Amino acid sequence: MPDKSASPRSPLPALILIAAIVAVLVAAFAYTAGWLTPNRLTPAKIVGSLAPPGGAVPGFRRNHAKGICFSGDFESNGSGAAISKARMFMPGTYPVTGRFNLATPDPKASDAMARVRGLSLRIVMPDGSEWRSAMIDAPFFPVATPQAFFDLQRALANKSDPESMQKFAAAHPEIAAFGAWAGSAPWTASYADERYNSLNSFVFTNAEGQDQTVRWSFVPAAKPETLTPDELKQKGANFLDAEITQRVQGAPQRWAMVVTVANPGDPTADPSKAWPEDRHTVEVGTLVVKAIEPEPDGPCRDLNFDPTVLPSGMRVSDDPFPAARSAAYSVSFNRRTAEDKAYPHTPSQGAQQ
Amino acid sequence: MNAINERFSPLQRALHWIMAICILSMLFIGVGMVSTVRPDYLTLVSIHKPLGIAILVLALIRLAVRIARGAPPLPANMPEPMKLAAHLSHYAFYALMIALPLLGYGMLSAADYPVVIGGYRLPSLLPHSNSLHTLLWNAHRFLALCFFALIVVHLAAALFHALVRRDGVFHAMAPWK
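Going line by line, the protein sequences match chains A and B. Counting along the first sequence from 1, when you hit position 248 you're at 248 in my numbering, and nothing is skipped either side. Counting along the second sequence from 1, when you hit position 2 you're at 2 in my numbering, and nothing is skipped either side.
Treat the hints as calculated values from the structure; they're not laboratory data. Any given hint might turn out to be false.
What the hints assert, rightly or not - Below, computed lysine-lysine pairings styled on DSSO-like, alpha-carbon distance capped at 27 Å: (1) A:K235 <-> A:K223; (2) A:K85 <-> B:K49; (3) A:K108 <-> A:K159; (4) B:K49 <-> A:K45; (5) B:K177 <-> B:K83.
Remember, it's a predicted structure, so these values are computed and weren't measured experimentally.
Work the whole structure out from these sequences, hints included.
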């Protein structure tokens with residue numbers, strides 16, 4: 001029978017070896033988790049950088065916090081099947097849950113102050129596959145990389161250095177185009193007047209296995225009505241929700257989904273660069289918005305419009321944003337769903353007016 | 001159930017070591033993916049989900065094999081508290097191997113995310129619910145960190161048996177002949 005005391009060997013070297021192996025494993029785990037690299041750009045940092053000076057508003061999306069839900073259909077005309085085998089591009093009608101929104105972390109922000117408006121969609125296909133997309137009405141993104149987006153938020157929030165934005169613009173000249181757009185583009189009177197753009201590129205694959213890199217836009221059927229600065233001011237803080245509710249009650253609102261195909265060499269990885277106007281486009285169908293639902297207890301409220309939820313026939317491209325957005329949206333979703341009690345689930349008096 | 005064998009069966013040892021690699025990879029992928037915004041994020045998530053399902057299937061097979069064949073007895077001269085710790089750790093391992101994939105899958109269902117594995121959408125395990133999602137998400141994260149801690153202790157104990165006590169416990173599960 002083996003007896004420990006018969007072994008004269010000291011256990012110390014073995015114990016040191018065991019401790020060393022354990023230490024290496026734990027250190028590798030901590031490194032992988034980012035606990036040893038405070039400078040790593042994490043999704044939590046991006047989400048944190050979006051918070052207004054008073055802190056994030058509990059229970060709400062961490063950006064695009066103000067919005068309203070809708071239901072409707074996507075009517076596919078079948079033309080999209082040439083570029084993607086996604087089920088939603090076969091001719092037919094597919095149910096849509098969506099959300100009009102404003103690019104602000106403040107759910108009480110004034111409509112007259114939010115320069116960027118957004119459209120989020122979820123289309124469910126009969127085979128159970130889904131397409132989710134979150135678009136904005138800017139024609140290009142302010143910056144070229146997720147790191148630059150984070151740096152932009154920090155520069156905007158930096159109160160100690162009055163030149164923080166100038167320094168940022170010097171390091172990221174692409175933001176000048178966005179600044180010019182924000183300063184000159186007309187403000188419209190309705191969510192229904194806006195063209196919403198994917199900005200990010202994705203790869204579509206058709207039934208023959210051919211890949212093409214694309215971006216898409218939802219182009220309004222409505223004739224845009226532009227507002228002067230004075231008219232905008234007079235409209236008040238919450239005109240968009242009331243306007244779209246009334247408008248859709250009158251008649252369904254429509255957008256054409258237009259897919260733009262990149263030429264070889266186009267900047268597919270950089271959403272701050274628009275592609276030339278002459279690129280091949282395919283009109284693949286129509287979004288029909290049939291009913292507006294207030295966000296409290298509306299069908300869009302608890303959905304994460306993660307732009308990487310894609311059906312077979314679509315995938316991400318070399319554009320680094322969809323991955324970063326997916327990671328950050330997930331953090332935003334996890335936080336706000338954990339703060340469910342803080343969200344006003346029944347419409348407040350103010351929202352009903 | 002009659003554990004006369006001195007070692008785990010070759011099938012049990014194969015399952016143990018294959019799962020050891022899968023589970024350690026899974027835990028590293030898990031903490032790695034939630035801490036990056038790089039394109040790797042999507043790659044890691046796309047491994048995490050099917051690997052989780054694979055671990056669940058392997059764990060159920062392993063549980064069936066364990067119930068059918070049992071485990072070799074621990075050395076008679078092992079102190080009782082150590083034996084108790086060994087037995088409890090085995091229960092904890094089986095519970096975690098089965099619970100963590102289910103918590104992850106359930107958490108995605110409660111968030112109304114489509115769970116697509118190999119091009120097929122799996123059925124939703126649970127209704128869309130913020131409170132359910134939060135509960136499962138917290139449990140998934142907390143228990144995953146517990147799982148890593150348990151693995152670290154398990155590894156230290158296994159090496160202690162192999163290098164210090166030299167009592168045959170490590171040999172019973174050793175990957176070699």
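Verification of the supplied hints:
| no. | hint | verdict |
| --- | --- | --- |
| 1 | A:K235 <-> A:K223 | holds, 19 Å |
| 2 | A:K85 <-> B:K49 | holds, 24 Å |
| 3 | A:K108 <-> A:K159 | holds, 23 Å |
| 4 | B:K49 <-> A:K45 | holds, 24 Å |
| 5 | B:K177 <-> B:K83 | holds, 25 Å |
Violation of the numbered hints given earlier is absent; every hint is satisfied by the structure.
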